[in-house]
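Residue-level listing of the chains:
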Amino acid sequence: MKMLINVAENVVADALRGFAAAHPELTVDVERRVIVRRGAPYEGKVGLVSGGGSGHEPLHGGFVGKGMLDAACPGEVFTSPVPDQMVRAAAAVDSGAGVLFIVKNYTGDVLNFQMAAELAEDEGVQVVSVLVDDDVAVTDSLYTAGRRGTGATLFVEKIAGAAAEEGAPLDKVAALARQVNSASRTFGVALSACSTPAKGGPTFDLPDGELELGVGIHGEPGRERRAMMTSGEIADVTVEAVVSDLNPDGPVLVLVNGMGATPLLELYGFNAEVQRALAERRIPVARTLVGNYVTSLDMAGASVTICQADEELLRLYDAPVSTPGLRWGC
Amino acid sequence: MRTTGERTTRTAMNATPDPEAPVDAAFLRRWLESATAAVEREAPRLTELDSPIGDADHGTNMRRGFLAARTAVEQEPPPTPGGVLVLIGRTLISTVGGASGPLYGTLLRRAGKELGEEQAVSAARLRDALRAGVDGVATLGGAVPGDKTMLDALLPAVDALTGALDAGGGAADALAAAAAAADEGAAATVPMRARKGRASYLGERSIGHQDPGATSSALLVTALADTARGDG
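So the protein sequences, as listed, match chains P and W.
330 is the number that this note's numbering gives the last residue of the first sequence; the numbers go up by one with no jumps.
562 is the number that this note's numbering gives the last residue of the second sequence; the numbers go up by one with no jumps.
Same shape as in the complex, but just chain P:
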């Protein structure tokens, strides 16, 4: 498998050096792997820290900036960051108003953020952690590590970030983050497996003519494999999976998210089908975002995230944001 890299061991460091060069408005510590918003800590503002394995770009580093995250901690590819990174990030963004950790629900992320929270509190930083677990493809939470954190992470980071930017206190920002998570559901499909640099090839076999339903964002296979479907059929399955679990009774935010290797042309076409499937269910759409935001390296496919949004969430979603990966109103 051809990749635009030097050596597999250095892909994260190389990417961070390039990211730093492209974004002088952020402070990038390539060696310690912490990306911090320039000027942090901001007086009286709650600091937002997230992180996770690399390979999901622009998540999370691309969401550092005004109105979203104060710091991000990239791990190795598909591997959670280590506690030292989050401790450093928390210290860098804490103004005294406390720090919110936004953690996607994967065993590794949960354990490392948990250790980091304890260490940061030893250093006098008040930390509250919020778990994102929006993936409805995980059905029997009793016998698994629980629902995974995927597309809803963008909504959580955007909306909590806007609240923190307005000066909301830590408990309020955390409550909003939890509200967004519990109001959000995601379902993803893969048309191809992704290839990690360490492996140098696909992490699982997905034959031509088949697709994987309920796929995660780490090259892990989903729960069901079917013969390839049309965009409209995929939208029906995806929207049904999300809506039957969420049962929204008001306007929703929609994220049609590319997994990394699906062209925007296809994503927009897919979005048309998603909007049709939502309209058939009489679900009003307040805002729609289409693009590659929570990716899985070079996986082809898409996920749909729906978040039921009250007026307050909508207002915070619309608030100005200026980050490498998301920018409006600034």
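Hints listed in this document are in silico derivations from the structure and should not be mistaken for laboratory results.
Remember, it's a predicted structure, so these values are computed and weren't measured experimentally.
Accuracy of the hints is not assured; some may be wrong.
Examples of chain P residues lying across from chain W (beta carbon under 8 Å, computed) [claimed, not checked]:
(1) Thr79
(2) Ser80
(3) Tyr106
(4) Arg148
(5) Ala168
(6) Lys199
(7) Gly216
Just so you know, even glycine gets a beta-carbon here, dropped at the ideal spot from N, CA and C.
Mind docking chain W on chain P? Use the hints.
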């Protein structure tokens, strides 16, 4: 200079092994050498096992962690066996990431703390320390036997170690029994359905694959047996 010192210690150890307290800092440094070599050698296999039911990085992550641990211990060798384990555990937590970092880090840190400040301990004390470490892993990860995790290799290993020591076996034989049990435990994960970690998302489809974490756990226990036998 340090190498010379280590060689001297090793010779002394091999010449007059104290049957009552064979586990000292030098013993665990030799174990680290052996474990690091095993992890390096088996890294591609660990990553391969992690592909169908994980995310194809277990070998890479373990290799990075053990190389860093070896460097840390070489740079400032702790004088006690407990100190060696605590330093390795801390280094794994800081370098591995994923679930393996905190879990293996906790295993070794907890075991090291259990050994306290003693200069040399018996195999039974090492067994107690490993038991405490494995309990720490179970508490942190929330897994139980049969969940297709590293516990499925570690728990049988500690049980076998206990059985062999209770039966009056020497340290080397008891650790060999532990290694065999760990290997069997890892192999026994093949028909299990994963209930923890990333493999759990596969449900039934996790059946038929050996758990990478149980496999690396067995490697570490085997390195312990090799070290006790003197060819680690």
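Comparing the hints with the structure gives:
At its closest, the beta carbon of Thr79 (chain P) sits 4 Å from a beta carbon of chain W; the interface hint therefore holds under the 8 Å criterion. The closest approach between the C-beta of Ser80 (chain P) and any C-beta of chain W is roughly 5 Å, which is under the 8 Å cut-off, so the hint is satisfied. The beta carbon of Tyr106 (chain P) comes within 7 Å of a beta carbon in chain W, closer than 8 Å, and the hint placing it at the interface holds. Among the interface hints, the one on Arg148 (chain P) holds; its C-beta lies about 7 Å from the nearest C-beta in chain W, closer than the 8 Å criterion.
A hinted interface residue such as Ala168 (chain P) counts as satisfied when its beta carbon comes closer than 8 Å to some beta carbon of chain W; here the least separation is about 31 Å, so the hint is violated. Interface hint status for Lys199 (chain P): upheld, as the beta-carbon distance to the closest one in chain W is roughly 4 Å, under 8 Å. Given hint, Gly216 (chain P) at the interface with chain W, holds; its Cβ is 6 Å from that chain's nearest Cβ, closer than 8 Å.
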